[in-house]
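Spelled out from the first residue to the last, the chains are:
There are 2 protein chains.
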Amino acid sequence: MALRRGPNPRPVSVWARRAEAVEQAGKYLPGCRVSTDLAAIVGDCSIAVLCLPPKSIVSLGPELAKLLPPDAAATDAGSVKRSIVEGLEPILGGRFVGAHPMAGSERNGIAAASADLYDGAVCILTPTPASNPAALESVRSLWRETGCRLVEMAAADHDRAVARISHLPHAAAASLVHAALSADASVAKLAAGGFRDSTRIASSAPAMWSEILLDNAAEVSAGIADLQTRLGELKLALESGNRPAVEAFLSGARELRAKPQPEP
Amino acid sequence: MALRRGPNPRPVSVWARRAEAVEQAGKYLPGCRVSTDLAAIVGDCSIAVLCLPPKSIVSLGPELAKLLPPDAAATDAGSVKRSIVEGLEPILGGRFVGAHPMAGSERNGIAAASADLYDGAVCILTPTPASNPAALESVRSLWRETGCRLVEMAAADHDRAVARISHLPHAAAASLVHAALSADASVAKLAAGGFRDSTRIASSAPAMWSEILLDNAAEVSAGIADLQTRLGELKLALESGNRPAVEAFLSGARELRAKPQPEP
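In the order they appear, the protein sequences are chains A and B. Each residue of the first sequence is one higher than the last, beginning at 1 in our numbering. Each residue of the second sequence is one higher than the last, beginning at 1001 in our numbering.
Note that these hints are calculated values from the structure, not bench results. Where is the CB? At the ideal position from N, CA and C, for every residue including glycine. Among the clues, some could well be false.
Claimed, not checked - Cut-off 20 Å, straight-line C-alpha distance, at most; resulting in silico cross-link-like pairs (EDC-like, lysine to aspartate or glutamate):
#1 A:K189 - B:D1184
#2 A:K55 - A:E23
#3 A:K259 - B:D1184
#4 A:K55 - B:D1119
#5 B:K1259 - A:D184
#6 B:K1027 - B:D1116
#7 A:K189 - B:E1247
Claimed, not checked - Sample of chain A residues with no beta-carbon within 12 Å of chain B, all distances over it, derived:
#8 R10
#9 R17
#10 A21
#11 A25
#12 K27
#13 I41
#14 G94
#15 I110
#16 A134
#17 L142
#18 R144
#19 R243
Just chain A, with the same shape it has in the complex (with noise of 0.2 Å):
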């Protein structure tokens, strides 16, 4: 729908892997090739961009080796990059560089499509030493085409920050709808903004969220560890009554937040 905008669209052809998906896809892209069958799709594509959950995104690598053209591109929109990139930059070589678009919601399927989901977000690029130069322009030219801002990095680089700014969020935003819930769950008829906000992330879809953190589980598993930590700080500076502690480690909070970080 990002690529479909403006005064001139991209020509844009969808594959799923379910009737109604491509039914759907349909609606929302009219004019566009639609279908189930992966030949017809990326038969004459000159760059395939692979939106599907991590582990689906590198079983396609061999089938998709066999039908895209030889000069065309391939890109990815997966939350991890290190397993993707590694997985398929053997089957489909220089001609896949790895992306991932930092956007999206708690909402997925289809019906949570948005033409302005990009504008302004980052997409990291992770290309590698054996990226092909012509790709590595053309995934470029398409997500900046989106509306994105670009980032590059090497894919291990991109899993350790990504645990931190976005996997971290999500486990830590499921764990506090536990740990808010559980005793009395009649406590959420008092929620405002605040709870609201902070656990949004964690009506994300189960099954692709537990696949990605699970993909990326040692450096998420750090960052817990982080914030378990940060958490027993507080706690103890509470239980001491130590006002200069907490007051000092909420400015700290405050202030980190706020800092102003180098436009990508």
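Please build the complex by placing chain B on the supplied structure of chain A, with the hints as guidance.
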């Protein structure tokens, strides 16, 4: 501002400690009396609403007891209730009925004021057996006029419930900012809506929130311990590659969060 909306605005007078605050309040409330002189504001009022940090609410008690007309009621907007009710009821008597409107944002000060902040929000009232029936009615009417839906419970029950649904999310958000950004603050440039929303309340005023968390330290501390335990469960499931356990954890949180709550 909420009480001044509509065809029958309630007369409102504003007292504040600082002259600038009084001046600012006058701009937001045209036609209302504003002053730094407490006697001039509360001397002829029918209900006093104490909107200050918890300790200041209690310490204002003795002066207020001298200045309030004998038939005037009093209420407050503090985020903790037991310490305030136990502090003020002996001084003001049954005309004081504690209240906690569950609405706000990470912003503070008069510039963050909004006439519709309370629309549809829950306001918890904590009357006691000593509460004066006429004062209770007067307090109920006032908070209903702001747009709030009322829930009544004992102050200790309020503190226990709100520890989970409001104070714990604040503790979690600040801890998450530290855990996400301390090792490498530059990952903040990759943040999307998930991180922003789940840490929004980490930008709340540190002085006021350290006072609130410390006032309710035992309950908040118990909540933090539960959160640490839940994070540990997820961490273990991730480290052992137990996909059913990870998915059950995420699904459980999603369902708990979605569970419809009876309208208070």
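Verification of the supplied hints:
1. A:K189 - B:D1184: Violated, at roughly 37 Å.
2. A:K55 - A:E23: 24 Å, violated
3. A:K259 - B:D1184: With a Cα-Cα distance of about 12 Å, the restraint between K259 of chain A and D1184 of chain B holds, given a limit of 20 Å.
4. A:K55 - B:D1119: 45 Å, violated
5. B:K1259 - A:D184: Answer holds: K1259 of chain B to D184 of chain A is near 12 Å, not above 20 Å.
6. B:K1027 - B:D1116: 17 Å, holds
7. A:K189 - B:E1247: Given that 20 Å is the threshold and the Cα spacing comes to 26 Å, the pair is violated.
8. R10: 24 Å, holds
9. R17: Fine: 20 Å to the nearest Cβ keeps R17 of chain A off the interface.
10. A21: 22 Å, holds
11. A25: Fine: 24 Å to the nearest Cβ keeps A25 of chain A off the interface.
12. K27: Given a closest Cβ separation of 26 Å, the condition holds.
13. I41: 29 Å, holds
14. G94: Given a closest Cβ separation of 25 Å, the condition holds.
15. I110: Non-interface label on I110 of chain A holds, nearest chain B Cβ at 19 Å vs cutoff 12 Å.
16. A134: The assertion about A134 of chain A holds, with a minimum of 27 Å to chain B.
17. L142: The claim stands: L142 of chain A keeps its Cβ more than 12 Å from every Cβ of chain B (closest is about 19 Å).
18. R144: 17 Å, holds
19. R243: The claim is violated: R243 of chain A sits with its nearest Cβ about 6 Å from chain B, within 12 Å.
Violation of the numbered hints given earlier is confined to hints 1, 2, 4, 7 and 19; the remaining hints are satisfied by the structure.
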